[in-house]
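Engineer: Sequence:
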Amino acid sequence: MKEACGCPGSKMQDFAEEQKGAKDESGSRSSQLRQWPIQLHLVSPEAPYFQKADVVISADCVAYAAGDFHKDYLKGKSLVIACPKLDEDQDTYVEKITSLIDAAKVNTITVLTMEVPCCAGLVNLTTKALHAAKRKVPVKSIVIGIRGGGVLSEDWIS
Numbered sequence: 003m004k005e006a007c008g009c010p011g012s013k014m015q016d017f018a019e020e021q022k023g024a025k026d027e028s029g030s031r032s033s034q035l036r037q038w039p040i041q042l043h044l045v046s047p048e049a050p051y052f053q054k055a056d057v058v059i060s061a062d063c064v065a066y067a068a069g070d071f072h073k074d075y076l077k078g079k080s081l082v083i084a085c086p087k088l089d090e091d092q093d094t095y096v097e098k099i100t101s102l103i104d105a106a107k108v109n110t111i112t113v114l115t116m117e118v119p120c121c122a123g124l125v126n127l128t129t130k131a132l133h134a135a136k137r138k139v140p141v142k143s144i145v146i147g148i149r150g151g152g153v154l155s156e157d158w159i160s
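Numbering (the working numbering), first residue to last: 3 to 160.
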């Protein structure tokens with residue numbers, strides 16, 4: 003079957019057979035989302051919930067692949083989401099992330115991406131912002147697998 007847009011990250015894959023043995027958890031879990039909006043184009047770095055916060059910059063798909071996204075990555079953190087492949091005006095993303103670093107004086111940034119090649123763009127945008135910023139903050143990159151959301155790599159990039 004032909005890949006959509008020729009991108010390996012758009013290749014159709016069916017995980018239904020792999021999920022048959024997945025643990026069934028009953029009950030509900032509280033959301034750990036602390037603010038709105040979350041889309042990087044819409045957030046204001048001046049918002050109080052970004053001031054001196056630990057920030058998660060997540061590719062849009064991560065929360066769907068990582069079953070415990072709220073518990074493992076979001077609890078106690080402020081969130082912005084973006085898609086480096088589909089979103090336009092990515093220079094604005096660099097400016098906003100730079101403003102989070104300098105104006106909001108965030109403590110840390112964790113960039114969560116999927117293992118597909120196009121997601122690396124989110125790490126690149128964050129790295130550009132880090133180089134443009136006056137302040138330096140610790141930035142961690144975590145890559146999530148598309149098959150069940152396991153962590154494939156976790157590296158400090160600054």
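Don't take every hint at face value.
Derived pair list, reagent style DSSO-like, types lysine-lysine, alpha-carbon separation capped at 27 Å [to be verified]:
(1) Lys-77 <-> Lys-107
(2) Lys-107 <-> Lys-79
(3) Lys-107 <-> Lys-138
(4) Lys-79 <-> Lys-136
(5) Lys-138 <-> Lys-77
(6) Lys-107 <-> Lys-142
(7) Lys-73 <-> Lys-54
(8) Lys-107 <-> Lys-136
(9) Lys-136 <-> Lys-73
(10) Lys-54 <-> Lys-77
(11) Lys-142 <-> Lys-73
Label-pair ranges, simulated between beta-carbon atoms [to be verified]:
(12) Gln-37 <-> Thr-94: 28 to 34 Å
(13) Gly-150 <-> Asp-93: 17 to 23 Å
(14) Arg-31 <-> Asp-93: 18 to 24 Å
(15) Glu-48 <-> Gly-147: 32 to 38 Å
(16) Ala-134 <-> Asp-74: 18 to 24 Å
(17) Gln-41 <-> Gly-78: 19 to 25 Å
(18) Gln-34 <-> Lys-107: 18 to 24 Å
(19) His-72 <-> Arg-149: 29 to 35 Å
(20) Asp-104 <-> Gly-69: 32 to 38 Å
(21) Gln-37 <-> Ala-134: 32 to 38 Å
No lab work stands behind these hints, which were simulated from the structure alone. Virtual Cβ for every residue (Gly too), placed ideally from N, Cα, C.
Engineer: Please name the hints from earlier in the document that this structure breaks, with their numbers sorted from lowest to highest.
Structural biologist: Going through the list in order, the structure violates hints 9, 12, 13, 14, 16, 19, 21 and respects the others.
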